[in-house]
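Here is what each chain is made of, one letter per residue.
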Amino acid sequence: ETGVTQSPTHLIKTRGQQVTLRCSSQSGHNTVSWYQQALGQGPQFIFQYYREEENGRGNFPPRFSGLQFPNYSSELNVNALELDDSALYLCASRTGGVYGYTFGSGTRLTVV
Amino acid sequence: KQEVTQIPAALSVPEGENLVLNCSFTDSAIYNLQWFRQDPGKGLTSLLLIQSSQREQTSGRLNASLDKSSGRSTLYIAASQPGDSATYLCAVRPSGNTPLVFGKGTRLSVIA
Chain P
573 ETGVTQSPTH
583 LIKTRGQQVT
593 LRCSSQSGHN
603 TVSWYQQALG
613 QGPQFIFQYY
623 REEENGRGNF
633 PPRFSGLQFP
643 NYSSELNVNA
653 LELDDSALYL
663 CASRTGGVYG
673 YTFGSGTRLT
683 VV
Chain E
2 KQEVTQIPAA
12 LSVPEGENLV
22 LNCSFTDSAI
32 YNLQWFRQDP
42 GKGLTSLLLI
52 QSSQREQTSG
62 RLNASLDKSS
72 GRSTLYIAAS
82 QPGDSATYLC
92 AVRPSGNTPL
102 VFGKGTRLSV
112 IA
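Residue numbers (my numbering), protein chains in the order written: chain P, 573 to 684; chain E, 2 to 113.
Source of the hints: derived by calculation from the structure; they are not laboratory data.
All residues carry an ideal CB built from backbone N, CA and C; glycine is no exception.
Watch out, some of these pointers could steer you wrong.
Stated by the list, open to error - Once the Cα atoms are required to be at most 20 Å apart in a straight line, the calculated EDC-like pairs of lysine to aspartate or glutamate come out as:
no., chain 1, residue 1, chain 2, residue 2
1, E, K105, E, E4
2, E, K69, E, D40
3, P, K585, P, E626
4, E, K105, P, D656
5, E, K69, E, E57
6, P, K585, P, D656
7, E, K2, E, D85
8, E, K43, P, E647
9, E, K105, E, D40
10, E, K43, P, E625
11, E, K105, P, D657
12, E, K43, E, D85
As the list claims (entries may be wrong) - Chain P regions said to be covered by chain E (calculated; three or more residues, Cβ under 8 Å):
no., stretch
13, 590 to 600
14, 609 to 619
15, 622 to 636
16, 645 to 652
17, 677 to 684
What the hints assert, rightly or not - What follows is a set of in silico ranges between Cβ atoms, one per label pair, in the way DEER data are often shown:
no., chain 1, residue 1, chain 2, residue 2, range
18, P, R629, E, R73, 25 to 35 Å
19, P, Q590, E, S71, 23 to 33 Å
20, P, S579, E, N98, 22 to 32 Å
21, E, N98, P, G612, 21 to 31 Å
22, P, N627, E, S54, 19 to 29 Å
23, P, F641, E, S60, 30 to 40 Å
24, P, F641, E, S13, 40 to 50 Å
25, P, S645, E, Q52, 34 to 44 Å
26, E, E16, P, G612, 22 to 32 Å
27, E, G97, P, P642, 21 to 31 Å
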């Protein structure tokens with residue numbers, strides 16, 4: 573029943589390659605956040621966009637970048653993949669104010 | 002810097018038992034708090050959202066409480082069922098424009 577869709581669901585990449593993960597949010601969800609979740613850990617914040625502008629960033633290197641588009645979709649790009657980038661990547665979005673976040677089903681990225 | 006801790010890390014109970022999951026946070030100045038459920042390898046499903054001005058929220062067999070002054074929240078699950086088996090994550094939103102800060106979760110197993 574989630575209104576946030578992520579693609580692809582699974583992905584295998586080679587170290588050094590680049591990857592783009594995609595997220596489609598519900599209409600009106602003008603804030604989108606991306607998280608990385610390693611096995612057995614809680615999600616770690618990567619960055620957040622509000623109305624197509626980045627307005628927050630976690631402790632991730634610049635090779636993690638993103639975009640948000642006017643149609644409430646967004647993407648996460650990771651360059652020069654490393655083995656430690658293997659994780660579940662989660663997209664979350666919300667409308668303004670007091671509303672909570674809605675999460676997508678995630679993309680499982682494996683770097684070999 | 003806000004930090005969120007969840008205890009216990011794992012819990013196993015027989016079907017039908019009532020149980021409590023704990024969440025603590027270091028900075029009492031929060032905007033709201035969300036409890037999520039995560040099935041293995043899947044995304045996050047929002048269970049309950051508590052605003053900073055609220056003391057508790059209920060949905061079906063679930064009840065979440067919030068005590069900002071002591072930096073604690075609990076998730077109470079009544080009459081547990083095997084289908085409740087999952088990881089439960091607590092997440093705090095420090096202010097209106099900030100992303101969520103997660104605990105590492107409690108992995109719950111309900112034995113039939």
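The hints, checked one at a time:
Between E:K105 and E:E4, the direct Cα distance comes to roughly 11 Å. Compliance with the 20 Å bound is thereby established for this hinted pair. For the suggested pair E:K69 and E:D40, the alpha carbons sit about 28 Å apart, so the restraint of at most 20 Å is broken. As the CA atoms of P:K585 and P:E626 are separated by approximately 26 Å, the hinted pair breaks the 20 Å bound. Distance hint between E:K105 and P:D656 is fulfilled; the C-alpha atoms sit about 18 Å from each other, no more than 20 Å.
A distance of roughly 11 Å separates the Cα atoms of E:K69 and E:E57; the hinted pair therefore holds under the 20 Å criterion. Distance restraint check for P:K585 and P:D656: the Cα-Cα separation of roughly 12 Å lies within the 20 Å cut-off, and the hinted pair is therefore satisfied. Using a Cα cut-off of 20 Å, the hinted pair E:K2 and E:D85 is violated, with the two alpha carbons roughly 32 Å apart. About 19 Å separates the Cα atoms of E:K43 and P:E647, which keeps this hinted pair within 20 Å; it holds.
Straight-line distance between C-alpha atoms of E:K105 and E:D40 comes to about 14 Å, which keeps the hinted pair within the 20 Å bound. Between the alpha carbons of E:K43 and P:E625 the distance comes to roughly 28 Å, so the proposed pair goes past 20 Å and is violated. At most 20 Å may separate the alpha-carbon atoms for a hinted pair to count; E:K105 and P:D657 meet this at roughly 18 Å. For a cut-off of 20 Å, the pair hint linking E:K43 to E:D85 stands: about 15 Å separates their Cα positions.
Chain E is given as covering the stretch 590 to 600 of chain P, and this is violated because 0 residues of the stretch bring a CB closer than 8 Å to a CB of that chain, at least three being needed. Residue count for the stretch 609 to 619 of chain P with a Cβ under 8 Å from a Cβ of chain E: 6. That meets the three needed, and the coverage hint holds. Counting residues of the stretch 622 to 636 of chain P whose CB falls under 8 Å from any CB of chain E gives 4; the rule of at least 3 is met. Counting residues of the stretch 645 to 652 of chain P whose beta-carbon sits less than 8 Å from any beta-carbon of chain E gives 0, not enough to reach three: the coverage restraint is violated.
Judged by the Cβ-Cβ criterion of 8 Å, the stretch 677 to 684 of chain P is covered by chain E as claimed, because 3 of its residues qualify and three suffice. For the pair P:R629 and E:R73, the beta carbons lie near 29 Å from each other, so the given range of 25 to 35 Å is met. Checking the proposed 23 to 33 Å range against P:Q590 and E:S71 shows it is violated: the Cβ atoms sit about 46 Å from each other. Evaluation of the 22 to 32 Å hint for P:S579 and E:N98 yields a pass: the beta carbon distance comes to about 27 Å.
Look at E:N98 against P:G612: about 29 Å separates their beta carbons, and that is inside 21 to 31 Å. For P:N627 paired with E:S54, a C-beta distance near 25 Å keeps the hint of 19 to 29 Å intact. Between P:F641 and E:S60, the C-beta spacing of about 33 Å keeps the proposed range 30 to 40 Å intact. Checked against the hint of 40 to 50 Å, the pair P:F641 and E:S13 passes, with Cβ atoms roughly 45 Å apart.
The given range of 34 to 44 Å is broken by P:S645 and E:Q52, whose C-beta atoms sit roughly 29 Å from each other. Separated by about 25 Å at the C-beta atoms, E:E16 and P:G612 satisfy the suggested range of 22 to 32 Å. Taken as a hint, the range 21 to 31 Å holds for the pair E:G97 and P:P642, whose Cβ atoms sit roughly 23 Å apart.
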